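Use these hints to put chain B onto chain A, whose structure you have.
Chains as they are written, first to last, in our numbering: chain A, 32 to 532; chain B, 32 to 532.
The set of hints was computed from the structure by calculation and includes no laboratory data. Treat the hints with caution; some may be incorrect.
Note that identical chains are pooled: a pair holds if it fits in a single copy or bridges any two copies.
[To be verified] Mimicking DSSO-like on lysine-lysine, the simulated pairs with C-alpha atoms at most 27 Å apart in a straight line are:
#: 1; residue 1: 245; residue 2: 68
#: 2; residue 1: 87; residue 2: 40
#: 3; residue 1: 68; residue 2: 489
#: 4; residue 1: 368; residue 2: 463
#: 5; residue 1: 182; residue 2: 127
#: 6; residue 1: 477; residue 2: 524
#: 7; residue 1: 221; residue 2: 87
#: 8; residue 1: 499; residue 2: 464
#: 9; residue 1: 477; residue 2: 499
#: 10; residue 1: 200; residue 2: 368
#: 11; residue 1: 283; residue 2: 238
#: 12; residue 1: 87; residue 2: 127
#: 13; residue 1: 40; residue 2: 127
None of these values were measured; they are calculated from a predicted model.
2 protein chains.
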Amino acid sequence: MNTSELTNKFYDLQSRLSAYRHAVDLIYYDGATTAPKASAENRAHALGILSEESYKLSTGDEMLTLLDDLAKVRDELSEKDRRCLELAEKEINEMKKIPLDEYVAYQELIVAAEDTWHSAKENDDFASFLPYLEKIFAAKKRFAELCAPDKKPYDYWLGQFEDGLTTEKCDAFFETLKARLVPLIESIGKAAQNDDSCLHGDFSDEKQLAFSHKLMEIMGIDRNRCILGTTEHPFTTSIGSHKDVRITTNFKNDNFASSMFSVIHEGGHALYDMGSCDDLAYTYLDGGVSMGIHESQSRFYENLIGRSEAFINYVFPVLCEAFPEEMSGHTADEVYKAINLVTPSLIRTEADEVTYCLHVMIRYELERAVMEDRLEAKDLSTEWKRLYKEYLGVDVPNDRMGVLQDSHWSGGMIGYFPSYALGSAYGAHILKKMREDIDVDACISKGDFTPINEWNRKMIWRHGCMMKSDELLESVLGESFDPVHYTDYLEEKYKKIYNLV
Amino acid sequence: MNTSELTNKFYDLQSRLSAYRHAVDLIYYDGATTAPKASAENRAHALGILSEESYKLSTGDEMLTLLDDLAKVRDELSEKDRRCLELAEKEINEMKKIPLDEYVAYQELIVAAEDTWHSAKENDDFASFLPYLEKIFAAKKRFAELCAPDKKPYDYWLGQFEDGLTTEKCDAFFETLKARLVPLIESIGKAAQNDDSCLHGDFSDEKQLAFSHKLMEIMGIDRNRCILGTTEHPFTTSIGSHKDVRITTNFKNDNFASSMFSVIHEGGHALYDMGSCDDLAYTYLDGGVSMGIHESQSRFYENLIGRSEAFINYVFPVLCEAFPEEMSGHTADEVYKAINLVTPSLIRTEADEVTYCLHVMIRYELERAVMEDRLEAKDLSTEWKRLYKEYLGVDVPNDRMGVLQDSHWSGGMIGYFPSYALGSAYGAHILKKMREDIDVDACISKGDFTPINEWNRKMIWRHGCMMKSDELLESVLGESFDPVHYTDYLEEKYKKIYNLV
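Bound-form chain A, shown alone:
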């Protein structure tokens, strides 16, 4: 085959793999949103087989020969083809080190684990979830040893979510944050506290749903390609390609802000996924490049935009229209201060921007300790409580609001959490850069997301996975990433809110 025939065949194989991804992604989405309660076993059956077929297609002779042949003509390939090849080589070389039966058993384990996590959380029953959690950690250690025997297992998984991330880099990053955030939290703790009663009331699912749709419209999300569902834990997924993207939220009837910021957060993920160039669909290049960059977008919209004074001023009349009784007598300034109330709390997804990273650090320390065999999974509940007391000064009353709160571990996403903190910090640096081109506050004040979205599209979204995450970030920033812009942003914003000098 000549080079052109080889690349055609390569894209055909990628396209076939994307159809399996489509099926698997949809089965997961359906399982979380729609499927009958007792269907997990049936789902695991299909997922096991489809994963197996996909594994065989990825690691079969046809693909391996093709990768070898393409490697021989690497210099003749276009930039796009070469990047596809690089990503395929990385993924497939690792995948083929995992025996097929272990790979399939892991996919089935995840379905059962997610199913059990749901009921365990509902019933505050960590013990029922523990056997799955133990198996997941064991599988993660085993796969890391198989795929990258020269790396520490936890470093390997960190690197799966963010190119080149290691515990060393994480430690340094978190230390930088702590050095500035811990004193800030202390100062805020001594300041006069704001009131958040305007967030509370009785907010029906129907009203919150209508408000969510309005928020997605304001954000400029193409509703013909992106739907909203409801799940226990909010998430974003694309189905097969960036042409079908789905976000979910969870309504708390006593506080509208919980779902509001989930919708904006997941909406940011969705915009990023949906923004891939159309010709990247059904290839290794489609969608976001890393979870760090992904969280830079979600946390950008959630916090840098969504929790800004300009946005709250803009959205306040919309809020009043959505919840006329509850908002009656309140002001935009009250809402602004309430959604930016800094207070140690129990739930990560509802935490304020300043204490948020402490929630992430706790998870980082815990999963790292298990991966490094310094902690057993069975002790995670106790350790969780101890660290929440130590870092945030709060007593965790139960596992539902503690170790069972997040869905990540049940989905096998060990090593994901640091992406939230990194992404938040990336976002602040990106915003600084964006401000050189756009009057961001002026846009937000008008509810006009177009210039902001177009900037992100041009600089980040459309590239999909064409660049590595660190390359992409540097190309956006025009300089090396520096977390100081994040801590500067937090200090400036919150000193103003809390009248600190």
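What follows is chain B alone, placed relative to chain A:
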């Protein structure tokens, strides 16, 4: 391989095929209920590839060799294994006669056709749907010629929905019905007409949804394995196996009866699908054996039970609880007469039992004429209107309430419609048989579906596809099926309602 190894491998292949079916079924269900509006192309991409992979698995050397080897030891096989082999041989021998590219193109056509049908119906725009309809009829003729060159194409497709069904048998069956039903309709037309105002009012989606859940509970449907969705056209599907079954309905806000009887109808399909023996899952034997038997169950619950005096008496208090304002001042007897109002109408799914079969006959005549090249697809709209005038005396005001009303043709289900009439008639004969064992009216009066469901489970559901449909029917009835029980039932019921002698 010895026989036991051969059968193990055979069940493994069936299991793998079921995973593809799981994916395909879910992609369709999701497309009809949930997926973003503009995602049809993305869905077609995945469906095309998954169909191709499934086709290759079905018709590949591994399967063909296995079927040959199993055929050599047919006499050594258990009854179950032998029946699986028989069904696999039938399906695969036909499938392999269709070239792969045509097979895949057809799957993609169906996704596009269903997507276009939705908007065509919404916009009353038959012209936009016509190109798809033409291609579907062309594909159906072509596939019939490839798979069964010795049969008339329409006969081939009739036989796909009901073992051994032909136009000859359909004609005879419909003539029998007409001979009794046309005079009955005429007599009813001359009788004093009943009033159906108690069905009308303002019924919100929320209230109808709650009532639907209640109906499913009354029917004894296991809600842990069966969910309810809403779609333009109600349907039932299983996802991968009988362990995950889904029904849908469509709420009309001015008439609760439309969705009520859709839910009971689809609930009947669901009970049948869910009733397969567990050890039939992931084999050729899982689920209902034919559409005729399927409709015997759905139309049984919808009409023979759901529209019976005993059931309406039982369900009336439930209705009053669901719609207190609208039902206030009405009686169970009014509701019973209203839901059994015999009147020529436009919409098949809302037709009364007596005129229902005329709706089916119209579709039968039309699709048969196109399949026999006596009518062009472009003339279906006009012919539809002409036949509705001739058979039912009604003027069809638009295509939305005419040729575009049903989803079947857009889904490629040519030859399906006669199953509705056949199933209705099977149901009446089955009920007669059931009454020998159970006091059906006494059960219904108490809202106790258990004895009825258990009888159906024992006689029909649990067998899945173990028997051919005609064998199954005869085993249930203990005699040959006779449509006279259906016409007897209709005459007796409606003469009483309309006080005819």
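Give me the numbers of the hints this structure contradicts, sorted from smallest to largest. Failing hints, ascending: 7, 9, 10.
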